[in-house]
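K.L.:
So you can see what is in the structure, the chains are spelled out below.
There are 2 protein chains.
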Amino acid sequence: MREHVEVSRPTPHVHVDREVLERNIDAMQQAASAVGLALRPHAKTHKSLEVARLQLAAGAVGLTVATVAEAEVFAGACEDLFVAYPLWVDDERATRLRRVLSRASVVVGVDSVESVRQLAPLASSGLRVRVEVDSGHHRSGVPASDAATVATAAAESGLAVDGVFTFPGHAYSPDGRAAAAVDEQRELAVARDALVGVGVACPVLSGGSTPSVEFSRGEVLTEVRPGVYVFGDAQQWELGVATPEQVALTVVATVVGRYPDRVVLDAGSKVLGADRASYATGHGRLLDHPDARITALSEHHATVTGFDAPRGTRVRVVPNHVCTTANLADAYVVGDATWRVDARGANT
Amino acid sequence: MREHVEVSRPTPHVHVDREVLERNIDAMQQAASAVGLALRPHAKTHKSLEVARLQLAAGAVGLTVATVAEAEVFAGACEDLFVAYPLWVDDERATRLRRVLSRASVVVGVDSVESVRQLAPLASSGLRVRVEVDSGHHRSGVPASDAATVATAAAESGLAVDGVFTFPGHAYSPDGRAAAAVDEQRELAVARDALVGVGVACPVLSGGSTPSVEFSRGEVLTEVRPGVYVFGDAQQWELGVATPEQVALTVVATVVGRYPDRVVLDAGSKVLGADRASYATGHGRLLDHPDARITALSEHHATVTGFDAPRGTRVRVVPNHVCTTANLADAYVVGDATWRVDARGANT
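So the sequence lines, in the order shown, correspond to chains A and B. Count the first sequence with my numbering and you get residues 1377 to 1724, in order. Count the second sequence with my numbering and you get residues 1377 to 1724, in order.
The following block holds chain A by itself, in its conformation from the complex:
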């Protein structure tokens, strides 16, 4: 049974349905375990210690984070952190990383000899690295054939290499999910063989994202790092990855305008975020009104068609991309409780 829309809090506010959240966490853990994969969820999606603790209790081996600031926060819940990002570690960040290393095991992403050199002084504090491979998303990462060069430089400078990783971001496509998972596993296998060929052990092959993870298998990968699955969002709904029943996070909004062809809600881009993928049918969806579409979004207005209701009506909006919604929130309303977004603003 779905919870009712909370009426005692001012709108817009971010609501999390705990029952759906826990179901999502358990389902992903079971799916990963069933195919022999370790699950290291990306905490950037929720930025919440409470959610992280639920993921770890369900069986996650550790957490993925995007920034040193997130590592600082999540070291409070987890002693096994992977910063899946090609960090450029200046003096300030090195000092902060050393402090995190005194509290937790930390592996960071690396995709160049330059950053290996820069990270080398942190080897004595226990920092380890994982080589990022570009498996087709063409954002960061080296081609798989160059992974050995980076790994060799790391090993020579005293940095322990724990493996290779990739983000198959091209899986964010209605028709490309399975193919991106194939790319991911093929390129990581090439990179692993290259490392082993130059005498660098490669125990970890880490991939995965919410849209590709159902195609990931333990024959190649050892770990997956989905993030969005905890909450779901309109992107996953429209990609066919999540059903509306699997959406745990919504923004509760009020109808503030009603006109012959549209209504206007008080949840705009300052609360929902403004991501809109090319395949998206609008700027978000209404959980309880699947035919409705948000056809325009400004800072404090969502213009909705295909739905009509009197001013004052409350609705649950499913944001397009939930990571950016969580990034805008101070807290989640969870039944009668409020959970802090502990890593709010932790983006440096």
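Hints in this document: simulated from the structure, not taken from any laboratory. Note that the coordinates shown come from a computational prediction; the quantities given were computed from them, not determined experimentally. For every residue, glycine included, the Cβ atom is placed at its ideal position computed from N, Cα and C. Wrong hints could be hidden among the right ones.
Chain B is nowhere near these chain A residues, computed Cβ spacing over 12 Å in every case [what the hints assert, rightly or not]: (1) Val1437; (2) Arg1474; (3) Glu1532; (4) Phe1591; (5) Gly1594; (6) Tyr1635.
Computed spacing ranges between beta-carbons, pair by pair [what the hints assert, rightly or not]: (7) A:Tyr1655 - B:Pro1636: 27 to 33 Å; (8) A:Val1411 - B:His1665: 43 to 49 Å; (9) B:Pro1636 - A:Arg1385: 49 to 55 Å; (10) A:Tyr1655 - B:Pro1519: 55 to 61 Å; (11) B:Ala1653 - A:Arg1385: 30 to 36 Å.
Fit chain B to the supplied structure of chain A, relying on the hints for placement.
P.N.:
Frame of chain A, contents of chain B only:
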């Protein structure tokens, strides 16, 4: 002379060039005064008491805000506030509005008889209303011909009406700025005549937005409410409204990835915001490299083409839409000082 890029703060961080900021504030004030218009800047752009005080010191008659929460914050700097939004005022918001009314004069937007009825109990606390007119943006607001119906309902329920307003949002178009300003002034004049026709005085005709304001004149309008002009952004740059020299706010970012065809910066959508208008040439610009384009943006990565630099290089990124960037910031770095974003999260 432009300031140098701040090197002692971790990236990404939000930098404000005070000299450019003050020049923008003075220029807009002079332009408005020269054509007989009162300037009531929209504080949602900066959410900063410090910036608001500079605007008021330069001659602004008051401030525009978008939410009750922003009114609560800006009552600390200003006793004359206009909430340019069709508020739906439930009990919680009514209590908060009453508290603001004890500190400042408050006018709120209204575009329906239903909301007039709901606001009526606040008349005794001094709340006044201004009727919102749809001048072509088709978001909120009534057609000009219906403004009298709303105004009459307000007057009959004891709410003082101080005039009419519109947001000509269709001015956000490279070729449509002047035409939107024509629409704005024509429709507000129709609405004013309608109010006067039913015996409701209409002293205020309020319009304006940064891209349309240069076409606004005091023959029809009495006040304008631009917001973005204080900081500038890539939208205004690409609309031809601001030059790069007029951009006061940038996000300082570091090159974290360098590949044959692109570099990657550590400023993503969680710091810049993700707005991208149809006319935008990318997801933001680099202030000092006008040929560069941000061709892809994810949460912590900006992929840049047309620019090359070694890892570790710092650059100044001009966000597409600065209101959403400010909404993501805790503070602005202003030379050696830090200014709080006082209304951070004040979106309810």
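K.L.:
Each hint needs a verdict: does it hold in this structure or not?
P.N.:
Status of the hints after comparison with the structure:
The beta carbon of Val1437 of chain A sits about 23 Å from the closest Cβ of chain B, which is more than 12 Å, so the claim that it is off the interface holds. Under the 12 Å C-beta cut-off, the non-interface status given to Arg1474 of chain A relative to chain B holds; the minimum distance is some 15 Å. Here Glu1532 of chain A stays apart from chain B, with its beta-carbon at least about 19 Å from theirs, past the 12 Å limit. The Cβ of Phe1591 of chain A sits about 21 Å from the closest Cβ of chain B, beyond the 12 Å cut-off, so the non-interface label holds.
With a cut of 12 Å on Cβ distances, Gly1594 of chain A stays outside the contact zone with chain B, its closest approach being about 27 Å. The non-interface label for Tyr1635 of chain A is inconsistent with chain B: the shortest C-beta to C-beta separation is roughly 8 Å, within 12 Å. Checking the proposed 27 to 33 Å range against Tyr1655 of chain A and Pro1636 of chain B shows it holds: the Cβ atoms sit about 29 Å from each other. Our hint of 43 to 49 Å for Val1411 of chain A and His1665 of chain B holds, since their Cβ atoms are close to 46 Å apart.
As the Cβ distance of Pro1636 of chain B to Arg1385 of chain A is approximately 51 Å, the hint placing it in 49 to 55 Å holds. For Tyr1655 of chain A and Pro1519 of chain B, the hinted distance range of 55 to 61 Å is not satisfied, since their beta carbons lie about 35 Å from each other. Evaluation of the 30 to 36 Å hint for Ala1653 of chain B and Arg1385 of chain A yields a pass: the beta carbon distance comes to about 32 Å.
Of the numbered hints stated above, those contradicted by the structure are hints 6 and 10, listed in ascending order.
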